[in-house]
Amino acid sequence: MLETSDIVEPVYPAATVVLVRDGDAGLEALLVQRNKTVQHMGGMWVFPGGKVDEADYPGDRDEYRAAVNAAIRETQEEAGLKVSAEQLVYLSHWTTPEGAKRRFSTWFFLTILEDGQEVVVDGGEIARHRWVSPETALAECADDTHALRLMPPTYVSLADIADCKSCVEARERMGDREAVMYEPRMVGVDDGICFLYEGDAGYDDVVVDAEGERHRLYMIDNRLEYIRRN
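Okay, so the sequence shown: first residue is 1 according to our numbering, each after it adds one.
Derived from the structure by calculation, the hints contain no laboratory data. Values in this document were obtained by computation on a predicted structure and should not be read as measured data. Please note that a few of the clues may not be correct.
Claimed, not checked - List of simulated lysine to aspartate or glutamate pairs, EDC-like, C-alpha gap at most 20 Å:
1) K51 x D115
2) K165 x D122
3) K82 x E125
4) K51 x E98
5) K82 x D115
6) K36 x E140
7) K36 x D122
8) K165 x D22
9) K101 x E114
10) K82 x D56
11) K51 x E9
12) K36 x E125
13) K165 x D176
14) K36 x E77
15) K101 x E9
16) K51 x E183
17) K165 x E125
18) K51 x E77
19) K101 x E183
20) K165 x D24
21) K82 x E118
22) K82 x D60
23) K82 x E114
24) K51 x D144
25) K82 x E98
26) K82 x E135
27) K82 x D143
As the list claims (entries may be wrong) - Label-pair distances were calculated between CB atoms; the ranges are:
28) A142 x T37: 20 to 28 Å
29) R102 x N222: 13 to 21 Å
30) E135 x E114: 32 to 40 Å
31) D60 x D122: 38 to 46 Å
32) E77 x W131: 25 to 33 Å
33) D191 x A85: 37 to 45 Å
34) E172 x A25: 19 to 27 Å
35) E125 x M181: 26 to 34 Å
36) G26 x N230: 21 to 29 Å
37) G26 x R102: 14 to 22 Å
38) N230 x E125: 21 to 29 Å
39) R228 x G188: 19 to 27 Å
Even glycine gets a Cβ: it sits at the ideal position worked out from N, Cα and C.
Use the sequences and the hints to build the structure in full.
Structure (structure tokens):
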């Protein structure tokens, strides 16, 4: 008989698209709200995306190309928008921490929407959408009413581009750097969780109070706080 410790949690490949455009007041990102009745992340505001399907894999089973295909397909399915592989800039890769109910290995792509396409959601799995500046989204998430509920990868991705004034600036910055790999390590803290990311002084030993650099996110009472400093 298998012991609980012998059970390997499946990690599902997935893809997410951080769609941005230039609005009247500067850069805006597209967020879609998952229907509150959906079991996984119901009511959360996320970027368009989802699991990689078998049909997304090319003949050589290349995982990156499969993620690109999934990103294009999911953007069409969830937001009614057509994007191409040439528009995708590899932004980051997130692996859900061990111990989570469902784990994913997710490629995040930055994509600029330049042709004025209109967003169309299906009203089923995706209930609503909005274009919002990253600064506004982060501020609303921090509001006591929790009007905008974000998951850590969404929050960090928005923080990553929050000081970009235009899509061109965002694309140049993200295109000139290596994609960031996130393999969070979870630590319980009072009333919540601390997610440690690589580069944090406590990452290797999974110690919250280690002295040194900080690269982490606190989720306490459904509020998020992202900290990155030397």
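20 Å limit on alpha-carbon distance, applied to hinted pair K82 and E98
34 Å, violated
Check the following: the C-beta atoms of E172 and A25 are separated by a distance inside 19 to 27 Å.
20 Å Cβ-Cβ, so the 19 to 27 Å window holds.
When you take the CB atoms of R228 and G188, is the distance between them in 19 to 27 Å?
Holds: the Cβ-Cβ distance is about 21 Å, inside 19 to 27 Å.
Distance restraint evaluation - E135, E114, Cβ atoms, bounds 32 to 40 Å:
For E135 and E114 the Cβ distance comes to about 22 Å; the hint is violated.
Verify the CB-CB distance for D60 and D122 against the hinted window 38 to 46 Å.
With a Cβ separation near 32 Å, D60 and D122 fall outside 38 to 46 Å, so the hint is violated.
Just tell me: holds or violated, for the beta carbon distance of G26 and R102 against 14 to 22 Å?
For R102 against G26, whose Cβ atoms are near 35 Å apart, the range 14 to 22 Å is violated.
When you take the CB atoms of D191 and A85, is the distance between them in 37 to 45 Å?
Taking Cβ atoms as reference, D191 and A85 lie about 43 Å apart, which means the hint holds.
Is the Cα-Cα distance between K51 and E183 20 Å or less?
Distance ~18 Å between K51 and E183 Cα, so the pair holds.
Given pair status - D60, K82, alpha carbons within 20 Å:
25 Å, violated
Would the hint linking K36 and E125 be met if the CA-CA limit is 20 Å?
9 Å, holds
Can you confirm whether the C-alpha distance between K165 and D24 stays at or below 20 Å?
11 Å, holds
Does K82 pair with E114 here, judged by a C-alpha cut-off of 20 Å?
11 Å, holds
Taken one by one, the earlier hints fail for this structure at numbers 1, 2, 9, 17, 22, 24, 25, 26, 27, 30, 31, 32, 37, 38, listed in ascending order.
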